[in-house]
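Asker: Just so you know, we're using our numbering here: the first sequence kicks off at 1 and counts up by one.
Treat the hints as calculated values from the structure; they're not laboratory data.
Glycine included, every Cβ here is placed at the ideal spot set by N, Cα and C.
Take these hints with a grain of salt, some might be off.
Here are the simulated distance ranges between beta carbons [stated by the list, open to error]: (1) E67 / V131: 30 to 36 Å; (2) A52 / R26: 18 to 24 Å; (3) N182 / K226: 41 to 47 Å; (4) E210 / R55: 20 to 26 Å; (5) P186 / I298: 19 to 25 Å; (6) G251 / V131: 31 to 37 Å; (7) T253 / E188: 47 to 53 Å.
Simulated pairs of lysine to aspartate or glutamate, DMTMM-like, Cα-Cα distance not exceeding 20 Å [claimed, not checked]: (8) K226 / D110; (9) K242 / E210; (10) K226 / D44; (11) K226 / E249; (12) K242 / D255; (13) K242 / E223; (14) K94 / D54; (15) K94 / E188; (16) K94 / D110.
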Amino acid sequence: MQSPLVILGPTASGKSDVAMAFAAARVDVEIVAVDAMQVYRRMDIGTAKPSAADRLAVPHHGIDLVEPSHPFTVADFARAAAPAVANIAARGLKPLLVAGTGLYLRALTDPMTIPGQWPDVRAELDLRAEVEGPAALHAQLVSLDPVAASRMESSNVRRIVRALEVTLGAGRPFSSFGAGINDYRPTEFAQFGLRWSRDALTRRIGERVERMMSAGLLAEVAELLKEPAPLSRTARQALGYKELIEHLEGGVTLDAAVAAIALRTRQFAVRQERWFRRDPRIRWVTIEHDPVTEALPILLQS
RNA sequence: GGUCGAGUAGCUCAGUCGGCAGAGCAUACGCCUGAAAAGCGUAGGGUCACCGGAUCGACGCCGGUCUCGACCA
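Let the sequences and hints guide you as you build the complete structure.
Answerer: Below is the structure:
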């Protein structure tokens, strides 16, 4: 059984290139994409999905799991990807995870029991959040599950509603389902992070957005909008898609939309860095120019 | 050349009667277990275009200079 290897980093850090080079050098590798948006079919350009050629050369998992009209969550991902990782290893191959979505990765690397969903409870809480405001719900969470309440800010309605949904629905505290994300215990996953300077990453993101536009991202979005089933809430917020939908259906100019894509992608990359850098188990590889030549030797030694 | 308007945080702009300089966005940092490419919080940041004047006190009033814009010639 080969233990899994993780290549992670912000968008445009070169994860996929390094992964393909690693697979080519080792041969006994299959790739698992850990990415919240590559799970959607026909959302290819904007999610920087691996090419058909790459997917032919190396088996990929975690990609094209659902229709874009289908809502998708961490729990869905864990249900699909965890068995895939186990299956690769069981066949004597090396699972190589390429991760950009921190929470999705944690659902694989750490023993996480994700509580269920209680739609009725949720609906009532959403209504109360509108009427009573976040503070009232937070106060209730403090009394029902002080541990969970202390883990989130009292203004974060979305997280508070979720914690209350679970606590009321399951009849036991939200925090009883696990230690939360701040618990970094040893794992068999060897994790390597690609790290760039902010300036270099900003430049690469700008180039990447240009490349996606020339590759036909606008047409891809237009095609998705023509489909009979509307995009799910989770799919339509994807970087590039959200902005180009606003261009096609709202009054936003194309230039403004493209600028917004670059800005939001940059902000996303920073958020990815901030998420990953908390995890002390990650080994960081600083990249100056070429991710493949600079990171591959280190990965092959691991 | 003349008239009018504008010049305040990186950007877009508020600023009441002259009394400690403001917001949104951006940036930095942080939080977050079924929306995570989502959501939430904290912080830093100013020669108020410039020079002079009146005033206890000026971003504000007076005089001049510069820059930008509109209009008139």
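Asker: Hint by hint, note whether the structure agrees.
Answerer: Cross-check of the supplied hints:
In this structure, E67 and V131 meet the distance hint of 30 to 36 Å, their C-beta atoms being roughly 35 Å apart. In this structure the supplied range 18 to 24 Å holds for A52 paired with R26, their Cβ-Cβ distance being about 22 Å. Checking the proposed 41 to 47 Å range against N182 and K226 shows it holds: the Cβ atoms sit about 44 Å from each other. Checked against the hint of 20 to 26 Å, the C-beta distance between E210 and R55 comes to roughly 24 Å, which is consistent with it.
For P186 paired with I298, a C-beta distance near 21 Å keeps the hint of 19 to 25 Å intact. Hint check: G251 to V131, Cβ distance near 32 Å, so the stated range 31 to 37 Å holds. Checked against the hint of 47 to 53 Å, the pair T253 and E188 passes, with Cβ atoms roughly 50 Å apart. Restraint check: the Cα-Cα separation between K226 and D110 comes to about 40 Å, which exceeds 20 Å; the hinted pair is violated.
For the hint linking K242 to E210, the alpha-carbon distance of about 16 Å falls within 20 Å, and the restraint holds. Under the criterion of a C-alpha separation no larger than 20 Å, the hint pairing K226 with D44 is consistent with the structure, at around 16 Å. Our distance criterion of 20 Å between C-alpha atoms is met by K226 and E249, whose separation comes to about 12 Å. Between K242 and D255 the CA atoms are separated by roughly 14 Å; this keeps the pair inside 20 Å, and the hint holds.
Annotation: proposed proximity of K242 to E223 holds, straight-line Cα distance about 14 Å (limit 20 Å). Straight-line distance between C-alpha atoms of K94 and D54 comes to about 17 Å, which keeps the hinted pair within the 20 Å bound. A threshold of 20 Å between alpha carbons decides the hint, and for K94 with E188 the separation of about 12 Å falls inside it, so the pair holds. Pair hint K94 plus D110 holds up; C-alpha atoms about 19 Å apart against a cutoff of 20 Å.
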